[in-house]
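Novice: Make the full structure from the sequences, and use the hints.
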Amino acid sequence: MLVPILKQGKVLIVSMQASMSDLDLLQLRDELADRVGRLRSSAVVIDVSGLDVMDSFATRTLRGIAHTTRLRGAETVIVGIQPEVAFAMVQLGLTLDDIGTALDLEEGLALATAPRAEACR
Amino acid sequence: MTTDVAEQTKVPVARDGDVVNARQTGRELAASLGFRSTDLTLIATAISEVARNIVLYAGRGEIALSAAYDGSRRGIRVVAQDAGPGIADVELAMRDGYSTGKSLGLGLSGARRLMDEFEIISKVGIGTTITMSKWAR
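Line by line, the protein sequences are chains A and B. Heads up, the first sequence is in my numbering, so the first residue is 148 and it goes up one at a time. Heads up, the second sequence is in my numbering, so the first residue is 7 and it goes up one at a time.
Be aware that one or more of the hints could be misleading.
[Stated by the list, open to error] Covered by chain A, per the in silico footprint, the following chain B stretches (three or more residues, Cβ under 8 Å):
#	region
1	32 to 45
2	48 to 57
3	115 to 127
Keep in mind that the hints were calculated from the coordinates and are not lab data. These figures come from a predicted structure and were not determined experimentally. Glycine residues also receive a C-beta, built at the ideal position from the N, C-alpha and C atoms.
Specialist: As structure tokens, then:
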């Protein structure tokens with residue numbers, strides 16, 4: 148299953164789906180690493196509000212996406228983590244480390260397009 | 007334990023898409039048993055971890071989901087079974103951060119934290135069975 152990657156100015160926007168398998172996540176990672184270069188994007192906003200589960204694999208892949216795109220010059224912001232999902236992640240001991248998060252897409256876009264020095268820190 | 011187990015739903019697990027199927031089936035059963043929304047996510051996440059463990063380390067197996075009753079308590083029981091290589095040192099495998107390299111090492115220990123009861127029986131060369139339950143509040 149391919150999730151659409153939308154482009155708005157210098158930002159790429161992805162909306163993750165609950166039915167995404169591990170392979171789909173890895174495919175998304177590879178696709179984003181390619182696109183941030185081709186489209187000269189400065190940020191990636193990943194909306195996970197549609198995910199009912201973020202387990203250790205999904206979390207690890209999101210971290211992988213964020214670190215890969217950062218090496219390609221773009222910051223990643225994860226938006227829309229549901230309260231139940233956040234609670235489960237904490238119990239699992241999962242963290243997103245240094246990756247920026249925001250409440251929803253609107254805030255995420257604001258963070259992603261903020262002046263570079265303040266963005267995503 | 008003297009819990010009665012009602013009929014089971016079995017979900018075969020062999021490919022990574024089956025992980026999604028297993029957790030969604032588990033969530034639906036838990037919802038029908040009256041679990042709160044927060045618990046549904048915890049249960050689905052725990053199922054996801056044990057299902058992925060089967061795909062990563064055993065290749066194939068199955069997850070049996072059933073309602074569990076213990077007196078007036080109602081809950082869900084998840085039995086993840088495989089005939090894979092087994093785990094030589096279960097205590098070590100259950101430790102936070104322990105991984106043979108395919109994962110974050112939080113899968114099994116995490117699943118145990120998400121559920122109320124968790125038991126793992128593993129024999130090298132024979133396979134692994136994880137039984138875990140959560141009770142509705």
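Novice: Test coverage of the region 48 to 57 of chain B by chain A using CB-CB distances below 8 Å; three residues minimum.
Specialist: holds (count 5)
Novice: Please count how many residues of the region 115 to 127 of chain B have a CB within 8 Å of a CB from chain A and say whether that reaches 3.
Specialist: holds (count 4)
Novice: Residue count check for the region 32 to 45 of chain B against chain A: does it reach three with CB-CB under 8 Å?
Specialist: holds (count 3)
Violated hints: none; the structure is consistent with every hint.
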